[in-house]
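S.K.: Residues per chain are reported as follows:
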Amino acid sequence: MRAKIRPDWASIGALTLVLGLALYLFLHGGAGGLTDYAIFAGIYAVFTLGLNVHWGFTGLFNIGIAGFFALGAYTAALLTTPPPDPLMFEDFKFGGDLAVRLGHLDLWFPVALLAAGAICGLVALFLGFITLRLREDYLAIATLGIAESVRLLFLNERWLGNGSKGLYRIPKFLGDLVSPENYDYLYLVVVVVVLVILYIAVERVIKSPWGRVLKAIREDEVTTAASGKNVFSFKLQSFILGAFIMGIGGALYAHNVRFVDPSTFDPLLATFIIWAMLMLGGSGNNMGAILGAFVVWGIWTGTQHLPGFLSDPNFRFVMVGLLIVGVILLRPGGILGERRRVSGQIEPPRGAAP
Amino acid sequence: MLEQITHCLPLRLTARNVVLAGLLVLLVLALLSVVKMELVVNGLFLGAILALGAIGLTLVYGILKFAHIAHGDFMTWGAYIVFFLLGSVLPHSTGFGPFTFGYSLFIALPLTMMAVVATAIILDKAIYQRLRRRAVNTVVIAMTSLGVAIALRGLVQVIWGGGTEQYPRLSKPFYQLPMGVKIPPDWIFIGALTLILVLALYQFLTRTKMGKAMRATSDNLELARVSGINTERVVWWTWAIGAALAATAGVLLAVFQAQLFPVMGWKILIPLFAAVILGSIGNPYGALAGALIIGVAAEVSTQWITPAYKPAIAFAIMIVTLLLRPRGLFGVRD
Numbered sequence: 578m579r580a581k582i583r584p585d586w587a588s589i590g591a592l593t594l595v596l597g598l599a600l601y602l603f604l605h606g607g608a609g610g611l612t613d614y615a616i617f618a619g620i621y622a623v624f625t626l627g628l629n630v631h632w633g634f635t636g637l638f639n640i641g642i643a644g645f646f647a648l649g650a651y652t653a654a655l656l657t658t659p660p661p662d663p664l665m666f667e668d669f670k671f672g673g674d675l676a677v678r679l680g681h682l683d684l685w686f687p688v689a690l691l692a693a694g695a696i697c698g699l700v701a702l703f704l705g706f707i708t709l710r711l712r713e714d715y716l717a718i719a720t721l722g723i724a725e726s727v728r729l730l731f732l733n734e735r736w737l738g739n740g741s742k743g744l745y746r747i748p749k750f751l752g753d754l755v756s757p758e759n760y761d762y763l764y765l766v767v768v769v770v771v772l773v774i775l776y777i778a779v780e781r782v783i784k785s786p787w788g789r790v791l792k793a794i795r796e797d798e799v800t801t802a803a804s805g806k807n808v809f810s811f812k813l814q815s816f817i818l819g820a821f822i823m824g825i826g827g828a829l830y831a832h833n834v835r836f837v838d839p840s841t842f843d844p845l846l847a848t849f850i851i852w853a854m855l856m857l858g859g860s861g862n863n864m865g866a867i868l869g870a871f872v873v874w875g876i877w878t879g880t881q882h883l884p885g886f887l888s889d890p891n892f893r894f895v896m897v898g899l900l901i902v903g904v905i906l907l908r909p910g911g912i913l914g915e916r917r918r919v920s921g922q923i924e925p926p927r928g929a930a931p
Numbered sequence: 112m113l114e115q116i117t118h119c120l121p122l123r124l125t126a127r128n129v130v131l132a133g134l135l136v137l138l139v140l141a142l143l144s145v146v147k148m149e150l151v152v153n154g155l156f157l158g159a160i161l162a163l164g165a166i167g168l169t170l171v172y173g174i175l176k177f178a179h180i181a182h183g184d185f186m187t188w189g190a191y192i193v194f195f196l197l198g199s200v201l202p203h204s205t206g207f208g209p210f211t212f213g214y215s216l217f218i219a220l221p222l223t224m225m226a227v228v229a230t231a232i233i234l235d236k237a238i239y240q241r242l243r244r245r246a247v248n249t250v251v252i253a254m255t256s257l258g259v260a261i262a263l264r265g266l267v268q269v270i271w272g273g274g275t276e277q278y279p280r281l282s283k284p285f286y287q288l289p290m291g292v293k294i295p296p297d298w299i300f301i302g303a304l305t306l307i308l309v310l311a312l313y314q315f316l317t318r319t320k321m322g323k324a325m326r327a328t329s330d331n332l333e334l335a336r337v338s339g340i341n342t343e344r345v346v347w348w349t350w351a352i353g354a355a356l357a358a359t360a361g362v363l364l365a366v367f368q369a370q371l372f373p374v375m376g377w378k379i380l381i382p383l384f385a386a387v388i389l390g391s392i393g394n395p396y397g398a399l400a401g402a403l404i405i406g407v408a409a410e411v412s413t414q415w416i417t418p419a420y421k422p423a424i425a426f427a428i429m430i431v432t433l434l435l436r437p438r439g440l441f442g443v444r445d
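Those protein sequences? They're chains A and B, same order as listed.
Under this note's numbering, the first residue of the first sequence is numbered 578, with each subsequent residue one higher.
Under this note's numbering, the first residue of the second sequence is numbered 112, with each subsequent residue one higher.
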């Protein structure tokens with residue numbers, strides 16, 4: 578009961594921090610800096626939602642988010658980029674050029690997003706099929722391997738992704754609608770719309786009987802199997818769903834920065850920081866996942882302008898690691914934590930522990 | 112001796128196993144006739160270094176039951192502490208005997224092993240022990256070790272920067288071995304030190320009380336505890352051995368590739384885990400065999416595949432292992 582009376586300092590602190598950083602960014606970089614921050618935080622929130630499906634709800638340990646990030650971004654980029662131009666010394670062989678072929682109402686954009694998700698889902702199917710029957714942490718090592726393999730593939734197969742030069746003619750979604758200097762505002766709306774759709778979808782799916790099986794697997798695999806659930810199949814579906822969401826995140830990233838190369842997807846900014854976001858925000862809680870993305874990305878970008886060693890990227894790197902360890906040790910639920918209840922219809926009995 | 116070894120390996124001398132072993136030897140001989148000998152030798156030395164990391168990793172995996180993701184960064188720390196000692200503390204020296212490095216390395220190495228062991232034990236007390244007492248899922252502990260790995264690597268970058276470094280060295284001529292194999296003299300040191308450490312570990316695990324307790328704990332923690340083994344002490348010894356071997360592996364890797372950089376340990380994590388899984392989790396002899404196989408396979412692959420894909424070879428071997436024999440070469444059903 579004590580937890581209910583005590584004010585939730587962690588949530589208050591996090592919100593204050595976000596508001597403070599938002600104000601700071603606004604004063605420092607103007608509205609542009611703030612929009613830029615919100616776009617990236619929104620894209621990261623898509624990844625934390627995907628990771629929440631993996632870790633927060635099913636207990637799947639994926640440390641190769643960078644692999645799905647890169648696959649999603651490259652899939653969207655290759656589908657929509659115009660064919661290679663010999664005058665620009667481009668080495669890749671295939672450019673889908675969807676932006677021209679499906680130009681009507683810019684329908685190519687949702688197609689690219691879904692295709693990016695589908696490719697990631699396929700890779701997840703392959704990896705999950707091999708590893709999810711085995712010990713839990715085999716998945717972690719396999720995802721680590723796939724992230725490195727994807728990076729090597731796009732780096733070395735220049736016919737596929739233009740090698741280290743990367744792809745830099747990725748089209749703008751609804752680029753004709755507004756002037757280039759105001760485009761960021763439009764894209765922010767796009768990111769928020771996608772994020773809200775994904776949030777609602779994941780919430781519905783998790784509150785369904787299907788989602789409750791996932792949580793049951795996370796808590797106790799043997800009991801779940803004993804009550805007649807095919808644990809492997811549920812884990813595989815959850816892994817594919819999370820990877821699908823991550824693929825969409827990668828595609829959103831590609832069409833925001835409109836440049837992808839293999840070095841974009843380094844473990845720090847494409848895997849570790851997403852883990853820090855989910856752990857801090859509260860794994861098992863979709864609102865927490867989104868909040869974590871905004872808080873950690875706020876800290877990450879906000880501290881760039883701090884004086885001295887505080888703005889040293891290596892120092893911030895250490896902080897990302899300590900944040901993960903600290904949250905697990907001190908506040909395993911993160912800022913928001915998971916609402917522990919069996920179902921949305923059943924209120925917890927009065928006096929029961931929350 | 113042979114009996115002891117076959118006893119440690121969970122492999123019976125059945126007709127089927129003998130036939131399988133014979134086929135394996137034939138396959139190896141057939142490959143050796145096609146493959147460039149130089150690549151095999153390179154692979155064996157790389158495999159020896161991997162083995163030092165993989166043996167520690169498999170012991171931690173077997174006894175503490177979680178995937179220790181910071182193991183590669185223990186290696187990085189070993190390499191960098193020696194770099195610091197050679198550059199700023201110990202007298203400058205190069206070209207000891209036939210080697211490129213100086214006698215200072217022989218002083219720096221034991222100091223570094225102690226430093227990394229201390230780090231491991233402090234981390235266990237501060238972090239992992241608390242989580243064990245809370246009885247959290249081992250995947251959460253693995254997750255925590257990912258955080259530790261990130262922080263450790265970040266610290267290396269804060270202290271020494273993100274660039275490539277070198278130990279003080281004096282260039283020496285390569286040794287010419289038969290069959291057109293050339294090896295740098297430093298590799299003799301790598302081979303000898305690995306051999307000594309592996310033999311010492313074998314003696315420790317089979318002859319001493321603590322070694323036997325470690326194997327018992329790895330087999331069955333609860334049973335070990337009720338038979339009066341102090342499992343917390345076993346855990347400490349596991350960290351000590353794992354960290355000392357990892358530190359050595361890091362130093363040898365820096366000597367092997369004649370350079371050190373902050374992500375060297377993280378990059379080697381996939382081959383390490385591949386070796387551990389191939390050799391069956393918890394089995395140090397399996398890890399040794401797995402590491403040698405992966406080292407040789409990665410080097411030999413460059414004869415047909417571009418060397419850029421060398422890091423992916425270990426991953427491919429791991430996937431094949433998981434598909435065909437998920438318990439590894441020496442695994443038994445429990």
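Bear in mind the hints are in silico, worked out from the structure with no lab data behind them.
Hints are not guaranteed to be accurate.
As the list claims (entries may be wrong) - The calculated label-pair distances, taken between Cβ atoms and stated as ranges, are:
1. A:D668 x B:Q287: 52 to 62 Å
2. B:F315 x A:L711: 43 to 53 Å
3. B:R241 x A:P687: 41 to 51 Å
4. B:F195 x A:D843: 18 to 28 Å
As the list claims (entries may be wrong) - DSS-like, lysine-lysine: derived pairs with alpha carbons at most 25 Å apart:
5. A:K806 x A:K784
6. A:K784 x A:K670
7. B:K421 x B:K147
8. B:K293 x B:K176
9. B:K236 x B:K293
10. A:K792 x B:K176
11. A:K742 x B:K378
12. B:K323 x B:K176
13. A:K742 x B:K421
Ideal Cβ positions, reconstructed from N, Cα and C, are used throughout, including at glycine.
S.K.: Compare the structure with the hints numbered earlier in the document and write down the numbers of the violated ones, lowest to highest.
M.R.: Result: hints 1, 2, 6, 8 and 9 break, sorted rising.
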